[in-house]
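K.L.:
The residues making up each chain are set out below.
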Amino acid sequence: SQTIHQWPATLVQPVGSPLSLECTVEGTSNPNLYWYRQAAGRGLQLLFYSVGIGQISSEVPQNLSASRPQDRQFILSSKKLLLSDSGFYLCAWSPGGGQPQHFGDGTRLSIL
Amino acid sequence: KQEVTQIPAALSVPEGENLVLNCSFTDSAIYNLQWFRQDPGKGLTSLLLIQSSQREQTSGRLNASLDKSSGRSTLYIAASQPGDSATYLCAVCGTGTASKLTFGTGTRLQVTL
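Chains as they are written, first to last, in the working numbering: chain A, 1 to 112; chain B, 1 to 113.
If you're looking for bench data, these hints aren't it; they were derived computationally from the structure.
It cannot be assumed that every hint is accurate.
[Stated by the list, open to error] Using 30 Å as the maximum straight-line C-alpha spacing, the simulated BS3-like pairs for lysine-lysine come out as follows:
#1 Lys42/B / Lys79/A
#2 Lys1/B / Lys68/B
#3 Lys42/B / Lys80/A
#4 Lys42/B / Lys1/B
Computed from a predicted structure; not experimentally measured.
Looking at chain B on its own, in the form it has when it is part of the complex:
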């Protein structure tokens, strides 16, 4: 059974800092890995999707990497801003046709002024 772990559970950084969020998964037989953002009381917003054959994806100040063989992914946020404050969720997609996602419990990020 796939298990996804995210470290740290919570993180507080001053504005402008670069930061790294970590995600690890137990079964390397994945189709892809997706990073989401969740604001309090809201749904999920997809940030980046990395296919299993890819090593990284970039969108603006966000860069996600994937090392499938070691079961790890990182989300790098450059020059953090208060608007980046949210919970960040990592999810892995299994190889079945239903594209089921297994989620980590998230990292709650606060960027302070």
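Okay, chain A solo, but in the shape it has when bound:
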């Protein structure tokens, strides 16, 4: 069966520090991969998606970037975190073609 792993579960970082969140999927090949952010009191917002290795699409301009160095690995990064980057970050995968998306357990990011 397929599983998705996301870490760390919680992270507290100072303003201006770098960020790296990792997501991996097991039990499938060539998945679509997604990064979402859920800010306090707001809905889930799609940040990035990828349909293949090295293929990244950004949905909103922001202080973050994403990379897909391997088929089942998706990384969310920042060189310098802002207070507005605080939130709950969720990684998801789907087989593609409108199939259900499956989510990781999320990372709670707090910026001080």
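Go by the hints and put chain B onto chain A.
P.N.:
Frame of chain A; chain B shown alone:
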């Protein structure tokens, strides 16, 4: 641009009641619609997925309907239980190959004893 609205934002019901959660979307050109459950501080659990050609899907005490032409979906929960307490999210999938989801802001449900 697709917009998804969920009403009500919060709902409290006594155990045993049947209830309906509503979801509306502005662009009817969707591939499918998905209902999720989110427990506090946790990720999302997929409950039901309705393809655009379908009218409803059922899983246990849950039934989701879709009226694509009017841009509406409902999630019906029968005989609610305290364990159903969570936030319920509706998401529509666009027709592009990337299967991007647009989410509503959710309905926070509390089922009381």
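K.L.:
Would you mind marking each hint as holding or not holding in the structure?
P.N.:
Each hint, compared with the structure:
| no. | hint | verdict |
| --- | --- | --- |
| 1 | Lys42/B / Lys79/A | holds, 26 Å |
| 2 | Lys1/B / Lys68/B | holds, 16 Å |
| 3 | Lys42/B / Lys80/A | holds, 26 Å |
| 4 | Lys42/B / Lys1/B | holds, 28 Å |
Violated hints are absent here; each numbered hint is respected by the structure.
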